[in-house]
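J.: Residues per chain, in single letters:
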Amino acid sequence: MSDVSVQEPAKSPPPERKGEAREEGNRWAAYLPTIKTTVAAVVLALLIGALLIIFSTPRVIESLKYFFSYPWDFFKFAGIAVWDGYTALVKGSVGSWNSIERTLERAAPLICAGLGVSLAFRSGLFNIGAQGQMLAGAIAAGYVGFHFDFPPGLHLLLAAVAAIAAGAVWGGIAGWLKAATGAHEVISTIMLNYVARFLMIYLLGKELFQRPNSNDRLSPPPAESATFPQVFGVHTGVLLAFLAALGVWWLLERSTTGFEMRAVGANPSAAATAGMHVQRTYFLAMALAGALAGLAAVMQILGQQDSLTENVAGTVGFDAITVALLGRATTLGPVLGGLLFGALSSGGLAMQAAAGVPPELAQVLQALIVLFVAAPALVRGVLRVKAEGDGGTVLAKGWGG
Amino acid sequence: MKLEMRGLTRRFGSFTANDHIDLTIEPGEIHCLLGENGAGKSTLMNMLYGLLEPTEGEILVDGEPADFDTPGDAIAAGIGMVHQHFMLVPVFTVAENVMLGREQTRGLGILDRGKAAELVRELSTRYKLAVDPTALVENLPVGVQQRVEIIKALANEAKVLILDEPTAVLTPQEIDELMDIMRALKKQGTSIVFITHKLREVKAVGDKITVIRRGKVVGTASPDAPEAELAEMMVGRAVNLTVGKEPPKVGKPVLEVNGVTVVDDRGTTVVRDVSFDARGGEVLGIAGVQGNGQTELIKSLLGIIRPDAGKVLLEGQDISRHGPKDSLEAGIGYIPEDRAHDGYVSSFSVRENLVLDLYRRNDFSRGAALKLDAIEKNAKARIEEFDIRTENMNSSLASLSGGNQQKVVVAREFSRPLKVLIASQPTRGVDVGSIEFIHKRIIEERDRGTAVIIVSTELDEIYALSDRIAVMYDGRIVGTVTPDIPREQIGLLMAGAHDGHETQAHETQGGAA
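Protein chains in written order, with this note's numbering: chain A, 1 to 401; chain B, 1 to 513.
Do not rely on the hints blindly, as some may be mistaken.
Stated by the list, open to error - No farther apart than 20 Å at their CA atoms in a straight line, the calculated lysine to any residue pairs in the SDA-like style are these: (1) B:Lys-371 x A:Thr-257; (2) B:Lys-115 x B:Glu-103; (3) B:Lys-377 x A:Ala-40.
Said to hold, decoys possible - Which residues of chain B face chain A? A partial, calculated answer using Cβ under 7 Å: (4) Pro-324; (5) Leu-328; (6) Gly-331; (7) Pro-336; (8) Glu-337; (9) His-341; (10) Val-345; (11) Ser-347; (12) Ser-349; (13) Leu-356; (14) Tyr-359; (15) Asp-363; (16) Ala-369; (17) Lys-371; (18) Leu-459; (19) Tyr-463.
These aren't lab readings, by the way, just hints derived from the structure by calculation.
The C-beta atom is built at its ideal place from N, Cα and C for all residues, glycine as well.
Let the hints inform the model, and build the full structure from the sequences given.
T.: If you want it as structure tokens, here you go:
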């Protein structure tokens, strides 16, 4: 193997595709939606969600039976069902301080893990492993959190550092495998997700992690001294998520390391020629992505004070990928995406309670958003937005054309 | 078939790429479309091929107005196009590529590959396009792939063939072969629209020349017009085609290369025991047909590839084990052969690309933080100094023309003190005006005492710049000569047909220069 074995697509992109401001050099960039399609996807998802609400409300179905003799009832009940459902969604997510708290707490881990996926993405790596990295972080945070006895503050700090370090190690393994052997990060991170999950299950079966007097695979909760203090009902860890976003922004946009990451992500070959260490950058990006996923675990264990279970990470690690893509792998994007998904999940509960809409609807909405974001052509087709310039036609271009 | 364009106009927003272009392609003529990068040649051809809709104007085929909404319409009308970036499926055979989209079957949906192969054979004998129909496209050299594209167009019964900068990717030999093919096609009655910005080629095969500048037809010329006149029409001002330079003030050897050998990933030895000195204040040209080890040689000089044997000494220090980072910092400037691949990041802004390998220096960063002000100031200065045509310093490199992209790379490498400048194909795909400028800068760098190494497959460039020429063939330097020997002799060396004694003689001569 030569020293700089840069993995690259078979052919460099054609030198000219004018009018395309997208990061066409980054091999994953083709998956990123534009702002327009993102907003359109959200709107479309809400429209289809409305249809789902309508046709899952018994009163509306009932009214269909006499639709032709008295259609007004159908429209009235349908309107009421959608109004009730969506007002409950809004109220349940941002309608009261209580719901805002819940939204923020649910958004925080999504933001952190989403930032991790974004950061890797900008470095040309598709990190599917946020889930595993979170589990590794959760194990470390939980263990330090319930097993030791340190003074408050210090205990929290140590537990958080342990979680971030564990996440970094977990991400770093995939990065190291990529740098040293060329192993594709998509495969290795998926596999590491399984390893982390079974490691968690294994540990929960051990006395060391088992909650006393419990038959479930459940750890003790973290000690009070290792949890974030609450301010106005929100754990202060949430602030860290926003600070992390600021940090990632500075790293990517203002630092030499970020410059290297972006260059390696967009054109590894040019980066290597300019004297950057491509392999080291891959490793560093994955380790940092893992650290951010570890921070997401901090939000859950030390913020929301969850105990370790095999499902402690829920689907946050995978939703993080969505959040990152929805956020176009920028820095602000995952913050907004995380808040949106946090709001949907928090509002989904309220929808069930207040409007009798199944809570799964919130997940269906998330899924629809993802679907539409992933299929921009579909969105354009539905909205009849003309594909201006960003269509797939390859125009003949000279070297300078 | 007679093809006419009348008042063809295409606007992109407020920008007019083509402004009322009138052009007539007579049957059986080779019509050259000459123009700088960004002059609007490709836009015009894309309209002709149904890829872009004209804003105004019309296209007439044999006097009848034609409306090409898709390339399919254009193909049906007898127009064939060979794109600069080939549209072939690498894992398919030649015959399969030719039949693609018009597959013939033997009932039950079984592909009739035999018939396709037959067609390829027939076309290749008729037009003297030597191609093996059963070869896989990915195994073919670029020149032959281009022939496959031409056969594909002919299989669609193209009467007018558009060749979009066909020579940009070819070696000198392949260019000669292509010219022969073009003449054969013409003899059979096919008209050719030949897009290029190389004057020599236009003069060699063209019947008629139309020059386009800034989206307008600025004139027509016959192929016997002097080169300087054509260049002036193209650029819009008088262009100096020869590089004005003083005799070199040759200094000490700065870069010494001793027995460098490179074995590639497949185990082939691509650079064999190469030794030479690059001396301060002198331009050493490395000539050779593409693929004779020049690419790997210069990559090993910068340390992108570590040589398997031999040493590279910069002022006596062995740098062959250093990576590109240390070599760049030690004062080597490097203009890579494939700029889109190695020279710049197309999604990065002009500002960022201008410091792509300089951001580590104290001028542009303090600790881990980039000095944005300094980077901006640098961008302003370089854009001004090198006349980089860009909307602003934050435009992405992808939005610049090829010549300006190259200027960004050149500007960056020239913006720090150099001991050695290694430039590979410094003007490939660059328009005449920019070539003049880049050559001037290279000579200025030489006169500052820098050792300059130029690698080029174009003999014109080698002759224009070099004070000494080393010729590479099959991974070796087969001779070092002075630029006063005739082209034919260098051509022979490049083709590997050298005779030991003769070379020896030239080597002594070169050493004395």
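J.: Work down the list of hints and note, for each, if the structure agrees.
T.: Going down the list of hints, with the structure as the test:
no., hint, result
1, B:Lys-371 x A:Thr-257, "13 Å, holds"
2, B:Lys-115 x B:Glu-103, "10 Å, holds"
3, B:Lys-377 x A:Ala-40, "40 Å, violated"
4, Pro-324, "4 Å, holds"
5, Leu-328, "5 Å, holds"
6, Gly-331, "13 Å, violated"
7, Pro-336, "6 Å, holds"
8, Glu-337, "10 Å, violated"
9, His-341, "4 Å, holds"
10, Val-345, "4 Å, holds"
11, Ser-347, "4 Å, holds"
12, Ser-349, "10 Å, violated"
13, Leu-356, "5 Å, holds"
14, Tyr-359, "5 Å, holds"
15, Asp-363, "12 Å, violated"
16, Ala-369, "6 Å, holds"
17, Lys-371, "10 Å, violated"
18, Leu-459, "20 Å, violated"
19, Tyr-463, "22 Å, violated"
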